[in-house]
Amino acid sequence: MSAERTKKRSMAVEIWQRLLRNKMAMLGLVILVALALSAVFADVIADYDTKVVAQNISERLQGPSAAHWFGTDEFGRDIFARIVHGGRVSLVVGLISVSVSLLVGGSLGAFAGFYGGRVDNVIMRVMDVFLAVPSILLAITIVAALGTNLVNVMLAIGVSNTPNFARIVRAAVMGVKDQEFVESARAIGTSNTEIIFREILPNCMAPIIVQSTLSVASAILSTASLSFIGLGVQPPDPEWGAMLSSGRNFLRDAMHLTLFPGLAIVVTILALNLLGDGLRDALDPRLKQ
Amino acid sequence: MRKLVSVLIAGAMCVSLLTACGGSSGPSSSGGADSGAAAEGSGAGSAQAVGSSMINIGIKADLTSLDPHNHNDTISAYATRHIYNNLVKLMPDNTFAGNLAESWEFKDDVTVEFTLKEGIKFHNGETLTSEDVKFSLERQKESPKVGHLVSMIDSVEVVDDTHFIIHMNTPSNALISSLNHSGCAIMCKSYVEGLEAEGKTVEDAPMGCGPYKFEEWNPGASFTLVKFDDYFDPETAAQNDGLVFKVIPEESARTIALETGELDMVIDLNTTDANRVRDNASLALDECDSTHVEYLALNVEKAPFDNKLVRQALNYAVKKDDIVIAAIDGEGDPFHNYIGTAAIGYYDTAVDYEYNPDKAKELLAEAGYADGFTFNCYLAGEIRARSATIIQANLAELGITMNIEQMEASTFYERTGKGEHDSCIAGWVANAEPDNTYRPLFISANAGAGGNRSFYKNPEVDKLVDDAAVNRDPAAVQKDYETILQTVSDDAIWVPLYTKKGLVARNKDLQGFVISPISMHDFYGVHY
Amino acid sequence: MHKYVIKRLLMLIPVIVGVSFLVFFIMSLAPGDTARMILGDDAPIEAVEALREELGLNDPVLVRYAHYMLDLLHGDLGTSYKSNRPVFSEIAARFPATFRLSFWGMLFAVALSIPIGIISATRQYSIADSISMVLALLGVATPNFWLGLMLIIAFSLNLRWFPSGGAEGWKSLVLPVITLGTGCMANITRTTRSSMLEVIRQDYIRTAKAKGVSHSKVINKHALKNALIPVVTVIGLQFGALLGGAVLTEAVFAWPGLGTYLVNSIKAKDTPAVLGCVIIFSICFSIVNLGVDLLYAYIDPRIKSKYK
Amino acid sequence: MAEKQYCIDIKDLAVKFTTMDGVVHAINGVDLKIEKGKTLGLVGETGAGKTTTALSILRLIPNPPGEITSGTIVLEEKNIFEYTEKEMEAIRGKQVSMIFQDPMTSLNPVMTVGDQIAEVIQLHENVDAKGALEKAKEMLEMVGIPGNRAGEYPHQFSGGMKQRVIIAMALVCNPHLLIADEPTTALDVTIQAQVLDLMQKLKEKYGTSMLMITHDLGIVAEVCDEVSIMYAGRIVEHGTLEDIFNRTSHPYTEGLFGSLPNIEKREEELKPIPGLMPDPTNLPAGCPFHPRCVYCQEICKSRVPAQTHLSDTHTVACLAYEEGTGVSLGGKHS
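Residue numbers (this note's numbering), protein chains in the order written: chain A, 10 to 298; chain B, 513 to 1040; chain C, 2 to 309; chain D, 12 to 345.
No lab work stands behind these hints, which were simulated from the structure alone. Heads up, a few of these hints could be off.
[What the hints assert, rightly or not] List time: in silico SDA-like cross-link candidates among lysine to any residue, alpha-carbon distance up to 25 Å: (1) Lys-633(B) to Glu-747(B); (2) Lys-222(C) to Thr-116(D); (3) Lys-8(C) to Phe-139(A); (4) Lys-712(B) to Ile-7(C); (5) Lys-739(B) to Lys-969(B); (6) Lys-282(D) to Val-305(D); (7) Lys-969(B) to Ala-51(C); (8) Lys-4(C) to Met-183(A).
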């Protein structure tokens, strides 16, 4: 037992070391850690009451300056402070909503792919039904029925992404399930659930990681499209997607209103994907050079 | 080879990104580009004038119906008001003149006799008769969408081809103004009956006696009207060959299309773009005071807004100047009245609470809310969210927490209709009939879903509204409305926020356009 | 094979039943005043109530659903609450534009992302790899409306190369197609890359090289076809999403498609219109996915043998 | 005696791989020669560098991470490192072809076997597509598969049949050198014999030289003329079949034989070689075999053994055969 634990730990150490040697992945990790830190210490970087929500109409729509690094928005609020604080919400929304769809969609897809036949048919048809319902309709309904708050927004985005994860995981599982190591696990009497989660899924990580990292991007952008119809984070709280959408009207006069939150999203996505690629390479011994 | 392709792709992307940024990198460079662009645009405009003079008009949404009895929205009315004609028309001085009707006369409180103009032709060549009017008004009464406008009509009695009598079931001052509404368009009886006998609908081939004939409709994209050559009235006959209404939902894209010359006019210009149009030498901006009022409705049934002092305190606490800037880019005025200045039925008797946070604090203390309180504010739409954000910050200074809850418009209607809100932000654009404003907004019966989102119930006001609707003495009507405005503003059931200007942008060379304060613009006079 | 196709098409029936029920349920769950939305602010409350009655909005959900399904059995998609016109004709008027935009958008994305993915995979960790991956990610992280408006400002307002909107002629297609396609590029590029990376390590690629097949032919003939399967899956998924998800692009470019119609119908709580769109989307989506599966069979003989 | 004609002559070949885990010296100064028409067995454990040697001959070492750091490979009197990539493509499949270890994964699953064979023909011979397919069918018949199955896909064939297809593909252009990389490892024992038989027959028919990579000494005895024993990227012993089997000299070779069961002396204990192949990123100093060698002396840990000629045909790389090293292999080879 303890030997196995040691083995596991040493594998984790090995994966970590491989990751350490991947410069791009490290860049991604550093950026993410920096973002996470700035989100955690947002209050230290910029005070909420005096910087984030305090309005000054006479200073509205100003370009970047020494006083306001990223300029000011339509209420004269400091965009830098709002991006720092908005990162809290955006990162949480992105990560949690993707976790929801990964957990639900991934499990359903794995069962569908593993058992095949009728189970597959039922699960995937249900997923088809969900896929056919426009995500905006789901979002509007969930938010309208349960109320406009962050949890419901995450739930809405997570639910609408679920079928995609189910499909991708199912396809990956189908590709792996007939391989020998699965047969051998079955031969020694491992339970089906254990086979799925301990043997098959770890070998399907590549497409799952790629899909997850990309989905965080679309989740954050989804908050922007929900903001268009007013269903995202409520004023005066800052959130990147909402900042993007409210800046849209000022695109030609004050592009910094959309540029900086847009950049924040791009940098986050880039970092997530660099790390995701690195993780995939580190997890997948076949891709090791 | 492969390398080359990749370099080319990367290069192309960089170039496109660079040009994109270059186009908007700074005010000076983009200003330069604009004026160059606009010069070309006017060139395009005059080129059109030489050939066929179709006027391209940018609108933000598509029409819903070409049957005047099947819609009640401004955009569909752009089409139906030009295809069909009404018995009366609204003049710039807010009086009504005959349109298809030569004249009318109140025989008593519930009987009105009309005389039609002679020899008016429908687009199919038939002549308009009293039978057509009777048919149209009766058809309208059946309509769930616009039937309520003529609910006071009991029957239409045809006297002869050009004479008919409208019998009302109750005295009403709203009859004539309602007949001006796009829902009261006059259709051709034989044509509609023939169409319906074939299993078709008016939607398929609308036909009336208006200055334009229907040409085509591309759902979601555009609809086109062309000039009707046998139109009866030279004064309101088309001065152009036709109108093309183009649907461009995105605000900035609509302005850009005007700058590039793809459009000749933009209705309901985005306030952000107003200065851009003013600064553009080849464009012109038509502005007018409107009948619009934007307001924060306080639900008087919910504490603490059941306390008049608290409601008045809020009226003192909100900095309307900031809202005008943040919500509509200064394209309007801070407002204290309950009906738009340009509206029929506007009187300057409302109490003006000037911005005075100290006074607000006093009143709150007097009401027992010195430490503030928490309430919610329902709203739909981005502009209202901006207003709310300012109000929220103003009230925060008094220790009041306002939680904004944005929702879909349909959700908003339902939830505010049921009175779930403490407060909500709404707007009102008055039309030509004051009763259509006072009745939904202020009477008890309309509390909630009927339009009175303050749930204000004052029998005194109810009585005044009813009297104004039927009293034939204009002075008494005016007194009624003045009293109502004075009462509701003193009760402070709203915090009126601002009134937005009417804005229509057009090519500078385009002439003959008269902007309408109630957004019922006529386009027949427009020409290069 | 055609037996399989028929089986798959029959599978549509439970999906449509499920989708319509779910949408009906969802639409009735969310609060919203349809009649008030149609009549506007100034209609008296009696008129709103009368309209509600006329539209059958006061009936219980299940009754309304039963009515709807009965009509659907006769091939009738119902009548829009808002416009009072048959939903089918409303959709038929807008569907071609939506399809055209999605099709070309997807073609644009595929035409760019597959080569980029291949280049990245064959030069893993090179500068070209990093650049193309960053560009692909920029594509997915750039909001549609932002890119769309930027393209309009650059190519329509400043350069005057393309119209700023509308759907007339090929020129009006260019900017919306780029905007829409860019968003899908990232996923396809990355899937191509990782699938290609997987495939070019396979033994049969070594076999092909040992046979004397040139590098480019190894990639384009031996590797690509094997690598395409996951790529085709992603393309199918994205194409389905495109059909219904081009709302913002449609709005920016004034493209008269179904996306805008759907969103407006949702906002108006126009249940028949929403259902009609959703049913049409699910049929399209199923057909696209069937096409994807048939494409699998065409690409991979192993899968083909399973369909028999 | 006429000068021997060599089909291929490898001198001092060294290959390294740069990985995230460090630099792997996969091949360290390998010399190999194959006489025309003869078969050389290359024997060693997994990881000894056999496949890398074979891929070097085709110049198919993936680069990066692999890199040929020194040596020459003379094929038909020309060093292949002087060829352009284009010229190399003309050599692969024509002059030198290769059979891979795992027939299950070595055929492209989405191409018909006929097309896969025909592709080689079209690449190297001046025939049209139809002619190539015809020839592919003939070749299939030759390896014992009905020609009408040319239109089928690999998944429709069994493992043995697939290997036959691969053999057909390798031999269809009549190569001068055939590299067979453990061609029977993945096959059932009964099929192994058939496949080996087939290879022998065809090789003789076309007069092809062969490099037989294997870890199976039984196969070596059956098909090889000469044998090279490889360990940790080096050739440790080379000789004719008799030299290796009857005059086994290197302790590693000895170990290989010792780990084989002997059917005649079943009571005799199996003597597996102790220890494992060294970590290729961290090869031991001196003789790379010394950590596992039962005769190991102090000097073995520091001095790299040179090739010692025991006879015209037999060389060995062990300090025990070098003068004055003091290393002795006990009584057996005194």
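Query raised in the report: Given the hint that Lys-712(B) pairs with Ile-7(C), does the C-alpha gap stay at or below 25 Å?
Result: Outside the cut-off at roughly 37 Å; violated.
**Report entry** Hinted pair Lys-8(C) and Phe-139(A), Cα distance within 25 Å
**Finding:** Holds, at roughly 21 Å.
Query raised in the report: Taken at face value, is the distance from the CA of Lys-969(B) to the CA of Lys-739(B) at most 25 Å?
Result: 50 Å, violated
Query raised in the report: Can the restraint linking Lys-633(B) and Glu-747(B) be considered satisfied, given a maximum Cα separation of 25 Å?
Result: OK: Lys-633(B) and Glu-747(B) at ~16 Å, within 25 Å.
Query raised in the report: Are Lys-282(D) and Val-305(D) close enough, with their CA atoms no more than 25 Å apart?
Result: 12 Å, holds
Query raised in the report: Between Lys-4(C) and Met-183(A), does the CA-CA distance stay at or below 25 Å?
Result: Distance of about 23 Å is within 25 Å: holds.
Query raised in the report: Holds or violated: Lys-969(B) with Ala-51(C), Cα cutoff 25 Å?
Result: Roughly 24 Å between the alpha carbons, so the hint for Lys-969(B) and Ala-51(C) holds.
Query raised in the report: Can the restraint linking Lys-222(C) and Thr-116(D) be considered satisfied, given a maximum Cα separation of 25 Å?
Result: 17 Å, holds
Against the hints set out earlier in the document, violations occur for numbers 4, 5.
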